[in-house]
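Enquirer: Generate the whole structure from the sequences, applying the supplied hints.
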Amino acid sequence: MPRATQRPPLGPGSDTAEPEQLADPSGGWRPTVSGVALVVALLALIAVAVTTQRFLTLDNARAILASTAFVGITAIGATLVMIVGSAVSMAVSQTATVVAMMFLATQQLGLWTAVLIAVAAGVAITAAQGAIIGFWNSNPIVLTIAAGFAIGGIATWFSGGTPVYPQTQAFDLLNATPLGLSLAVYVLLGTAVLAQWVLSRTTAGRQMYLIGENRAAARAAGLPVGRVTTLAWAFFGACIALTGIFLASFNTSATVTLGGTLTLDAIAAVLVGGTAITGGRGSALRTLGGALLISTISDVLLLRGFPTGAQILTKGLLVLAVVVIVHVRTTRSWR
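Read in order, the letters of the sequence shown correspond to residues 611 to 945 in my numbering.
Don't take each hint at face value.
[As the list claims (entries may be wrong)] So the derived label-pair ranges between C-beta atoms look like this:
no.: 1; residue 1: Phe860; residue 2: Gln718; range: 19 to 27 Å
no.: 2; residue 1: Asn785; residue 2: Thr865; range: 14 to 22 Å
no.: 3; residue 1: Arg829; residue 2: Leu789; range: 44 to 52 Å
Please keep in mind that the hints were generated in silico from the structure rather than gathered at the bench.
All of these numbers come straight from a predicted model, not from anything done at the bench.
Idealized CB from N, CA, C, for every residue including glycine.
Expert: Right under this line is the structure:
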């Protein structure tokens, strides 16, 4: 019997088992990709350190961390969505793009006003999708594909198909590099710590694990499935908005292709970090490791002169390999 029907929602400070243990109906250990990702990362780092020029330089390390921030902030938000059992969003790139355009277009109102408007827009866009999924049990893949087309259309209409430029240079503050690191890196670390605290120390976070493990049982047990799902998506929207803001500041403009491969990169980081796409298991801190691995691989391929297509193919094969390995190990552990 699923644990969601055996106990009430866990509260902060509970001395009961950790959420990921609760998500295992057998009460035993279920494999994640954290160990696999660590081994792959170490082997990759050793290989590139020996064979790739300019990899072991301070400037390149900073570039990797900045790239990790762009992917990681969004991926951490996606972790909560995946844990709560909402699969993935296929509208991440489009949402980041339209939010970035709004951020640049409202610069004349002041930097922090523009930031608040952009974040509010991101939260509203994704929270609406989360509410439809949580309260009406809509298919998240179908819904977010449709949302992606709609949001992409809005971005094209808003920009007229041309780049959006800011009317002031106030956004330059977001390109600051305290202690030599991009400001986005500090936001990434703060987001990861906040998300992990929500997941492990709050009632809502623990309810996300229970809902993701068995949505029907959680609803029958009286858990606020719709509200918690919407909350997870709202947090996701804030993360996408922050990513869009930093991308716009870094590029000093926003085009309809600004989001690029952000959707696939975020999904890859979450899966490589060990979060179950079916819900009920995952960690924001491991997603942080997954984002670092994905960014490192992209950096190595870039330094070696591989085209964008090869980078996407490599990341896709990595995710596929990790999923297959974990599936095989999980199948064996249940025999």
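Enquirer: If a hint holds in the structure, say so; if it does not, say that too.
Expert: Checked hints:
1. Phe860 <-> Gln718: 19 to 27 Å: For Gln718 against Phe860, whose Cβ atoms are near 20 Å apart, the range 19 to 27 Å holds.
2. Asn785 <-> Thr865: 14 to 22 Å: holds (18 Å)
3. Arg829 <-> Leu789: 44 to 52 Å: Since the Cβ atoms of Arg829 and Leu789 sit about 47 Å apart, the hinted range of 44 to 52 Å holds.
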